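As a plain string of letters, each chain reads:
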Amino acid sequence: MFGLNRKQPARISLLDGPLCPNDMLEQAVALPIDAPDDICVAPDGSLLVSSGKRVLRLRDWQSDSLTVISEFNHEVTALACRADGVIAVGLNGGGIRLITQEGDAAPGWEGQENGVQEATACTFASDGTLLVADAGGIDDQASRLHDLYSETGNGQLIRMTETGDRSVIASGLRLPYGVIETAAKEVLVCESWSARISQLSSDAPPKAVLQDAPGYPARIHALSGGGYILSLFARRDPLIEFVLSEPAFMNRMKAEIDPAHWIAPRFAARADYRVPIQMGAARLFGDIKPWAPSFSYGLVVILDKNFLPLASAQSRANGTRHGITAALEWRGELIAISKGSNELLKVTAMDQLI
Amino acid sequence: MSSGEDSKFLSSLHKVPKQRSVFSYRRITSDLLNRNWIEGAIPFITFFLLTTVILMTTDGYFAPSNLTTLAQYSSDAAIVTIAMLLVVAIGGIDLSVGSSFALSAFVALYLFHIAGLPVYLVFPLTLACGALVGLVNGFLTGVLGCGALLATLGTMITVRGIFVIASQEYLVEISSSARFDETWEYIGYESFMGVPVSFLVLAVVAVAIFLMFKYTRFGWHILAVGGNRKAARHAGIPLKRVILLSYVLGGTLVGLAAFLFAARQNSAGSDTGVGLEFFVLTGLILGLGGFTPGRGSVFSTLLGFATIFILGNVLINAGFRGDFINGVMGLILITVLAIDMKYRKERHRILARAYLDPKPMKMDPVLEMGKMAPEFGSAKLGGATLLGVGEVDGPEDVILDRAGNLYCGTRDGRIMKLFAPDHTRVETYVKTGGRPLGLAFDAEERLVVCVAGMGLYRIAGPGQIERLTSQTKRSWTSIEDDRQIRMADDLDIAPDGRIYFTDATKRYEMETWGLDLLEGRGNGRLLCYNPADGTTKTICDNMVFPNGVCVTHDGKHLLVASTWTCAILIFDLARMQDGPRYFLRGLPGYPDNINRASDGGYWIALAGMRSPVIDLAMEDPGFRMRMAKRVPPTNWLFGNLNIGGVLKSDRNGTIVDAYWDKPDGPLYMITSMREHHGSLFLGGVTNNKIGRIDLDEADKSWNGPDSYWPRET
Numbered sequence: 001m002f003g004l005n006r007k008q009p010a011r012i013s014l015l016d017g018p019l020c021p022n023d024m025l026e027q028a029v030a031l032p033i034d035a036p037d038d039i040c041v042a043p044d045g046s047l048l049v050s051s052g053k054r055v056l057r058l059r060d061w062q063s064d065s066l067t068v069i070s071e072f073n074h075e076v077t078a079l080a081c082r083a084d085g086v087i088a089v090g091l092n093g094g095g096i097r098l099i100t101q102e103g104d105a106a107p108g109w110e111g112q113e114n115g116v117q118e119a120t121a122c123t124f125a126s127d128g129t130l131l132v133a134d135a136g137g138i139d140d141q142a143s144r145l146h147d148l149y150s151e152t153g154n155g156q157l158i159r160m161t162e163t164g165d166r167s168v169i170a171s172g173l174r175l176p177y178g179v180i181e182t183a184a185k186e187v188l189v190c191e192s193w194s195a196r197i198s199q200l201s202s203d204a205p206p207k208a209v210l211q212d213a214p215g216y217p218a219r220i221h222a223l224s225g226g227g228y229i230l231s232l233f234a235r236r237d238p239l240i241e242f243v244l245s246e247p248a249f250m251n252r253m254k255a256e257i258d259p260a261h262w263i264a265p266r267f268a269a270r271a272d273y274r275v276p277i278q279m280g281a282a283r284l285f286g287d288i289k290p291w292a293p294s295f296s297y298g299l300v301v302i303l304d305k306n307f308l309p310l311a312s313a314q315s316r317a318n319g320t321r322h323g324i325t326a327a328l329e330w331r332g333e334l335i336a337i338s339k340g341s342n343e344l345l346k347v348t349a350m351d352q353l354i
Numbered sequence: 001m002s003s004g005e006d007s008k009f010l011s012s013l014h015k016v017p018k019q020r021s022v023f024s025y026r027r028i029t030s031d032l033l034n035r036n037w038i039e040g041a042i043p044f045i046t047f048f049l050l051t052t053v054i055l056m057t058t059d060g061y062f063a064p065s066n067l068t069t070l071a072q073y074s075s076d077a078a079i080v081t082i083a084m085l086l087v088v089a090i091g092g093i094d095l096s097v098g099s100s101f102a103l104s105a106f107v108a109l110y111l112f113h114i115a116g117l118p119v120y121l122v123f124p125l126t127l128a129c130g131a132l133v134g135l136v137n138g139f140l141t142g143v144l145g146c147g148a149l150l151a152t153l154g155t156m157i158t159v160r161g162i163f164v165i166a167s168q169e170y171l172v173e174i175s176s177s178a179r180f181d182e183t184w185e186y187i188g189y190e191s192f193m194g195v196p197v198s199f200l201v202l203a204v205v206a207v208a209i210f211l212m213f214k215y216t217r218f219g220w221h222i223l224a225v226g227g228n229r230k231a232a233r234h235a236g237i238p239l240k241r242v243i244l245l246s247y248v249l250g251g252t253l254v255g256l257a258a259f260l261f262a263a264r265q266n267s268a269g270s271d272t273g274v275g276l277e278f279f280v281l282t283g284l285i286l287g288l289g290g291f292t293p294g295r296g297s298v299f300s301t302l303l304g305f306a307t308i309f310i311l312g313n314v315l316i317n318a319g320f321r322g323d324f325i326n327g328v329m330g331l332i333l334i335t336v337l338a339i340d341m342k343y344r345k346e347r348h349r350i351l352a353r354a355y356l357d358p359k360p361m362k363m364d365p366v367l368e369m370g371k372m373a374p375e376f377g378s379a380k381l382g383g384a385t386l387l388g389v390g391e392v393d394g395p396e397d398v399i400l401d402r403a404g405n406l407y408c409g410t411r412d413g414r415i416m417k418l419f420a421p422d423h424t425r426v427e428t429y430v431k432t433g434g435r436p437l438g439l440a441f442d443a444e445e446r447l448v449v450c451v452a453g454m455g456l457y458r459i460a461g462p463g464q465i466e467r468l469t470s471q472t473k474r475s476w477t478s479i480e481d482d483r484q485i486r487m488a489d490d491l492d493i494a495p496d497g498r499i500y501f502t503d504a505t506k507r508y509e510m511e512t513w514g515l516d517l518l519e520g521r522g523n524g525r526l527l528c529y530n531p532a533d534g535t536t537k538t539i540c541d542n543m544v545f546p547n548g549v550c551v552t553h554d555g556k557h558l559l560v561a562s563t564w565t566c567a568i569l570i571f572d573l574a575r576m577q578d579g580p581r582y583f584l585r586g587l588p589g590y591p592d593n594i595n596r597a598s599d600g601g602y603w604i605a606l607a608g609m610r611s612p613v614i615d616l617a618m619e620d621p622g623f624r625m626r627m628a629k630r631v632p633p634t635n636w637l638f639g640n641l642n643i644g645g646v647l648k649s650d651r652n653g654t655i656v657d658a659y660w661d662k663p664d665g666p667l668y669m670i671t672s673m674r675e676h677h678g679s680l681f682l683g684g685v686t687n688n689k690i691g692r693i694d695l696d697e698a699d700k701s702w703n704g705p706d707s708y709w710p711r712e713t
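So the sequences go chain by chain: A and B.
Each step along the first sequence adds one to the number in our numbering, with nothing skipped, and position 47 is 47.
Each step along the second sequence adds one to the number in our numbering, with nothing skipped, and position 287 is 287.
Read the hints as simulated data drawn from the structure, not as lab findings.
Computed from a predicted model, the values in this text were never measured in an experiment.
All the pointers check out, no bait thrown in.
No more than 20 Å apart at the CA atoms, straight line, and that leaves these computed lysine to any residue pairs for SDA-like:
id, chain 1, residue 1, chain 2, residue 2
1, B, LYS362, A, ASP258
2, B, LYS371, B, PRO663
3, A, LYS53, A, GLY103
4, B, LYS662, A, THR320
5, B, LYS342, B, ALA354
6, B, LYS662, A, ALA268
7, B, LYS662, A, ASN318
8, A, LYS289, B, PRO663
9, B, LYS556, B, LEU10
10, B, LYS371, A, ASP272
11, B, LYS662, A, ASP287
12, B, LYS345, B, ARG35
13, B, LYS629, B, THR512
14, B, LYS629, A, GLU241
15, A, LYS254, B, LYS362
All chains, full assembly: derive it from the sequences and hints.
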């Protein structure tokens, strides 16, 4: 009666203001990469890109300048590089490996049993220690989705040192997917399934510095001159939020249906024919409308130092450059990984964007 | 197949469980709210309650003698209520009715007793007095555009002033007049066949105004102006004149009421007509169930007035003071207005919430498709030739005549003709005005078409379209009037000329048919039109989105696609009353049209693909219900209409082949296909092109019209 007992719907920020839809990701120059996931910048100015089980180096924006640094037995799921050239590589179910720029095991770190289950992102802190976001037993897309549709978070944030010390900074995170140390030496972690960025501190509970994000935040990188570049791997969707509020349906879906056919956020625009659509996504004259609802989306947001959006680059429902899992600034350009289209994107010059 | 074999085959198929008529509280609520008479029910209910209470508490209140008295004394105020209805209907209000009533009554008395005029002159002059006040009101509000409330408040005070000044001079003289006139007395006191004359006048006025609102241009204009002034002006209605005239007519009726009053009372006092406007307004608002311009419900209004009049009368009889009664009236007025406001605000919301009425639906498991499943398919539609690209908007069905000309319906209501042999010349064949869907040729090679929103039509040649039927018999169990054929979808013609066609859903339209999936109920029906006698019959009701229709090759059976259940049903044309059996069930997608194939099998168009998630949602009506409430419609879960295909079934309902396009290919939602001389033509309701593929193994001489209507050789 009078709407007092109505359940509050999930809050999702609108794509408005600096987040107004655009097709910059669709216009970007692309370099096809097989199964990319993360990127980082090496001290010599080259770009390191993960590709399946390999780590590649890109010296200039030409595909023939791609060289293999190293190849592992597992998929590479996270990359970070220290000022002295040590590269941290997160591996799917294989913990963290540290290698030199030449691809050899880095001295000091070799053979560490670091207990990380599934590194989704890592970064070196200013004191040289390694911060690792561990999704916690989530080792494929399917179980990540299981995690979306469960109450509890299994993720944690771990700090590792060269001497083998390992400390858990935060736990119970819902798919931590990005980590960064700010100029003020605060640690920020992106919690994808909670659609927020939290600031961690040793003596206080995590504080959300950005919440109700319009998408699921993935990796975060610093912007030169203050601020951040945040990639969001899919857009949040009212139907998914609704399913989250329907435990009975959710549990049956989890129990009876292959995760590949769930109502769930996705990296790629094109899905199996057994994936349902939303009513507004039906094609007319063969086209999907750019404003149609979709389970996948391409979104990179430039945030100022107070986490307010300054600009964004997007690929809409009718595009293919979806599933942006990492974006950073390289030689003055905005570079992004599209897991949906398996491409490395050179979006635009940063000074054009802001 | 011999007939013995044939009946054996049919009886080996499972019967479709009988779909009982829908019973759901939600459905009843929404259907009731949808009916127009529901608002008129309010005064009926109050009147009924009041009379019940009076019957239980008062002896002899409804005795004939008392009723006659009531009728005599209430008629003049009842006529004023109708006068008020006229101005309220046009979006105004008239507060001056009380004063005008008093002045007119005075004029009547003056002319009769002092001036000594004959009654046949007194009568029109009294009416003229009322009309004059109405003219002033109409001029102020209609021509000058003053607010009706303040303008008529002004005339109310002015006219009252004139009445008081005039009456002070002559009232004593009038009451002491001894003039006697038979006509005057007859009008005032007599009855005609037991009914007081004044009440007869009321009856005539009520019927006249009722007929005026119902059948005359002027009445319609009044309602249009009251309903939406701006729209009425855009429609070319002369606003000023209509408003002016309705005030004048209202004023005339007030004069009439005053004449009756004068004849009955033979006197007037300073309190004549005081508070009358409030009294009739209360009755009006109770009768209309609120203050609603644009409604001309004369009888509801009179019922509301009767309720108020009897209530007041009963309270006076019970010894309550007049002030108390006024207080009660005011309370009624406020209560009705408050309830009405709340109801008006909530009605659409309640209706929208209650309209979608999902039902649990257990889907059959998907047939094992093996290597025919889309993920293995070599995209047999991938190399299709595209016809009429950009020139046909939404060819739901496609059909070819003997000469190979291709026809299809479009979203803007046209039927297009794509000329043989290459189909590059595209012309409008006929304009239907609705949404043409299914197509078929009859024995004379005339095109028969299902037009959604209109019915079944036949086209004899370019531009020559005639309606065959748009209605069927109303079903007994439905509150909603379901005579109208709402979404005529597909048809086929039996050898005897009978046209079998589907009304896919009785509850949704072309723009909202998707909601029918979320409902998952048997909302559709199979109909039969018999050209021999022009009748339309409902063959099978409560079917779940019956869509494509196809008469089998032997002309003895009828295949009907039930889209949301992903099944094809089969009827025996000779025994339709037996109901359908399953010809095919567990399809991987949503079947649309079905058509004959040259090898004796059938083509089945799949408009979209089902998915495990939507199958699960179909089992859970609560989930769909809450989704419809909380999630914006654009985000509602839906079957995957972005991928479709064509299945080939043999004559016994076994899938033998499947045709898919590439996942983002141009032929995605396939709603129809026709085989013609070794080619297959494909249409899609949301597409803007027709596909054509060549069938390597098909009989190159086969075409549809010859299959249905073999030419005598």
